[in-house]
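A.B. asks: Two independent chains are provided; combine them into the complex using the hints.
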Amino acid sequence: MKYQSQKVAKLYFIAAIGLFVGQILFGLIIGAQYIWGDFLFPEIPFNVARMVHTNLLIVWLLFGFMGAAYYLVPEEAETDLVMPWLATLMFWIFLAAGAATILGYLLVPYSSLAELTQNDLLPTMGREFLEQPTITKLGIVVVALAFLANIGLTILKGRKTVINLVLLMGLAGLAVFFLFSFFNPVNIVWDKYYWWWVVHLWVEGVWELILGSILAFILIKTTGVDREVIEKWLYVIIAMTLITGIVGTGHHYYWIGTPEFWQWWGSIFSAMEPIPFFMMTVFAFNMVNKRRRNHPNKAAVLWALGTAVMAFLGAGVWGFLHTLAPVNYYTHGTQITAAHGHMAFYGAYVMINLAIISYAMPLLRGREAANSNKSQVLEMWGFWLMTISIIFITLFLTAAGILQVYLQRFSDSPMPFMVVQEKIELFYVLRELTGLVFLAGLIVYIASSFVGSNEPEATAEGEVVAS
Amino acid sequence: MNGHEHDNPGKGLAIAGESLFLLNLLFPVLPLLALGVLYFRHRNTANLLVECHLKQPWITALFSTALFLLINLVAALSGGYNSLENLVSIHSLVALEVYTLLVILPLTVPGLLGLTKAMAGQCYRYPLLGRFL
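Chains as they are written, first to last, in the working numbering: chain A, 549 to 1015; chain B, 719 to 851.
Worth flagging that the hints you see were computed from the coordinates, not collected in a lab. Ideal Cβ placement from N, Cα and C applies to all residues, glycine included. Treat the hints with caution; some may be incorrect.
[Stated by the list, open to error] Which residues of chain A face chain B? A partial, calculated answer using Cβ under 10 Å:
1) 726
2) 833
3) 834
4) 856
5) 872
6) 874
7) 958
8) 961
9) 962
Here chain B stands alone, though its shape is the one from the complex (with noise of 0.2 Å):
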């Protein structure tokens, strides 16, 4: 089962797409944009891990900074990052705590757990959302 890991040249690709969605669940935007160019450069590939291990990243960082946006939309809207002595705000504090809370809690272990079947060269279905993708 794990036999051919290291003929498979699309292991470093799965493996930095489960990275980069990690990354972005602790420091979301950038590390999307990072994920988002390899999505695009490899989406057509025929490669079964590189399409496991970069569609679905993908796709559930998409969903997890637009998250992160609308926590500190309706945080900053109610009052907090009003100016730049509010940045460390109650507003902000809530903010952080349910994104940590609702976000980076429920998708970290299937991150995790992606990030370690690139590492074996296996494929991997996120639980729940990896089904509708």
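Same shape as in the complex, but just chain A (with noise of 0.2 Å):
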């Protein structure tokens, strides 16, 4: 660690981690529903249960992708934060409303949860994955400001690499299009419009910067690869991702009443969608293989490569599989957006997180470059649990969406919705036995952190010839 005021991305990646462990807590929750529907009802009835699964996953990445910019930026810029403080009270604001957030939800009916925050006032809630009370929407805000603030002033102060830039632009988009989620309009059209502002400009457009650079600033610790040579390959990355991902917002427009022509240019900038993240997937590989040292911190290698691959099938390959319109016009809504869901989610978003924590957590515990190989062999153990769960929890609901699609939309009679749900069951048993497999990895991972910490570093092995 090189600034002193870097230390404040420790307490985002365990409040990031802490959440994480509620995330899948919950998912497990709501997936024992799919199979024993009265399971902890009335206490946690399903709708509750997947708005806190949700929210706790965008809480939580949001945590862990201010904790990055609070690591990477004052490195990237040769300089502390311009105000270390602040970033440290915004992290207890931040979680304290989270908290509360999450036990409104827990604790009160969601009606009497929006006459208590006066939802009344400035009506914004009753949306998916904007279910949060108005008040906590503006207390993001004001979180947002003042850590864009933060980060702004000290680029501005410090230098200006492409990685802090397109960094910032990513995190100064996902406040922006935040906004969106303060405009409710009475129309349902134009009410699901500019949600997707929210939504899909947020995964598909600004978050994709963040984790460009997130994954950028990796490689070249890493790899040791010029900075120059992983600049160009993200300037690329980005121009495509915005390219394609921008107008690719029609493929949620086909069905919800806006125009036709939505079905075209949604069809075909969404097809084009797979671009940048198969270019993440050469760009990671190409940078590791023309590494000029080998670094010692494997597993955070072995998370920035799996992010690039995990991206591109879950985000790539699964949302290609429903993207085009004629197709979406038959999956829409079933178990297969369920899939690509689940998958893009942990390829892009949560892997890049982990890496991020992977590589600067022993940092800013002290250590040199990496953990124990104790420790790191445990931590690989988790990547490869997590992974191959969450590879067959998609595997397993594609199969359940493929039945679904067949019986409920596609057959000479079509079933009705929820006696479609009790015949792809088996699919959904076999989903949770998957998910307590993630849980376990998720456990070992956390124990990587705790094992090992007495023993020496680990060292790299062998030296590579610079190209």
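C.D. replies: Here's what the structure looks like:
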């Protein structure tokens, strides 16, 4: 760790992992409710558990992104954060607001929560992923502004690199597009239209910039490849991301009441959305193949390479699987969407967060470069358990989705939704079992932070001749 | 390990071989023909890098294209593609899904890894299929 103020990232990373555990536990609860409908009912109804599962995901990823920014911006800008105290203060505010919101979901009926938080003054609640009370949303805006000011002023004061500027662009976009969560028109078509400006333009737009910059940072640090080479790749990747991702929003506009031309625009541009992910994979492996040195933190390199492959498969291939309008006509909102969502979020955003945590945490905890071999071996076990689990979860959900499409939407005598849910129960059982393996992987991953602390650091094996 | 890649005269060919293989997965047949031309022109090469990155993509692309044709043949025999209006039908859509899941998905990752190894001037053996080639 080169700058003292980078230390604030540690708080964010620890909170992120804590919330990740919560997200997985609630995922297992809703997975069980797909099999036993009244599991934990009425204490934790399905709609509430699902809301907690998805909201925790978003919040912990944001914690991870903020931690990543607080870690890498000082190093890139070659100067301390301008206001480390503000980063710490915002951490506690964000954590308190997040915890209060989750407790609100769990302890108070949603309609009462809306009344309690004066939603009628500025109604924003009741929409998927944006269920947070208005006051929480306002809190998120305050945290985001303080965060951007801190990061922006640090970059302004120090060295401007492609990595920190792309990261800043992504984070600024994240904050700007969140503002559309306050726009809540009565017309349901307009409502959905702009709702996707938050949801889609986050995950298939500005978040990809954040992903690209964090990945580039890790690759520079672990491979020693020239910054210029990595920056050129980053330019092309983010250009392709924005070219395909912005108009690609159209794949959400097929059936919501928007004009029919979106079926063409959405199909064409979103069919190209795998391109930046494809390039990211080529980029990551290319840099590792051209490395000038072997980095002792093998776990971080594994996470970085894993991110590239899994993001390409989850976001790219599984996205393409159901993105063309004629295909989406049948698959819309089925378990195929859930399969894509699980692998894409894990591959792109969970893994990049775990990659930067894996790279930065040993340094934040006082190591020179990496954890001990013992700790890394355990961490890599966590990597494989979680990654293989998510692949199987995705395959089971895909199989469930294909059967669902056939039984519910295509066969000569289509069956009702709930009847079909019973028919595909076997896949839900398999998904739940695989989810338990995922939880085991997460526990192993966390355990790796506590194992081998007293052992010496791992060292790099063999020297690599520069290309 | 990476020191001599710039000197390797076959690197461009190796990259072209893997790129055509990947392109053939997305748009089958035409890239296969180009890959075939490259393969037959250089099949007796002594350059290990070229051999590695042309032979495997060529044979695997033959395999993937055969599956593409087979899947579409089944779609056609079961009632798809019988008129221009019927080009986008449930048959062609199912064929697209099956091809994506069974062919593109398992073959893209080896192709990607092959491409990055070719760019680094290194040989690469495809998992499973590579053992037999």
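A.B. asks: A separate judgement is required for each hint: does it hold in the structure or not?
C.D. replies: Hint check results:
Interface restraint check for residue 726 of chain A: the shortest CB-CB distance to chain B comes to about 33 Å, outside 10 Å, so the restraint is violated. Using the Cβ-Cβ criterion of 10 Å, the hint placing residue 833 of chain A at the interface with chain B is satisfied: the shortest such distance is roughly 4 Å. With its C-beta approaching chain B no nearer than about 5 Å, residue 834 of chain A sits inside the 10 Å limit, and its interface hint holds. The beta carbon of residue 856 of chain A comes within 9 Å of a beta carbon in chain B, closer than 10 Å, and the hint placing it at the interface holds.
Satisfaction of the interface hint for residue 872 of chain A is found here, the shortest Cβ-Cβ separation to chain B being roughly 8 Å, below the 10 Å cut-off. Interface restraint check: residue 874 of chain A against chain B, minimum CB-CB distance 5 Å, threshold 10 Å, status holds. The interface hint given for residue 958 of chain A holds, since its Cβ lies 7 Å from the closest Cβ of chain B, which is under the 10 Å cut-off. Nearest Cβ of chain B to the Cβ of residue 961 of chain A: about 16 Å, over the 10 Å cut. The hint is violated.
Here the hint on residue 962 of chain A is broken, as its CB sits about 13 Å from the closest CB of chain B, past 10 Å.
Checked against the numbered hints above, the structure breaks hints 1, 8, 9 and satisfies the rest.
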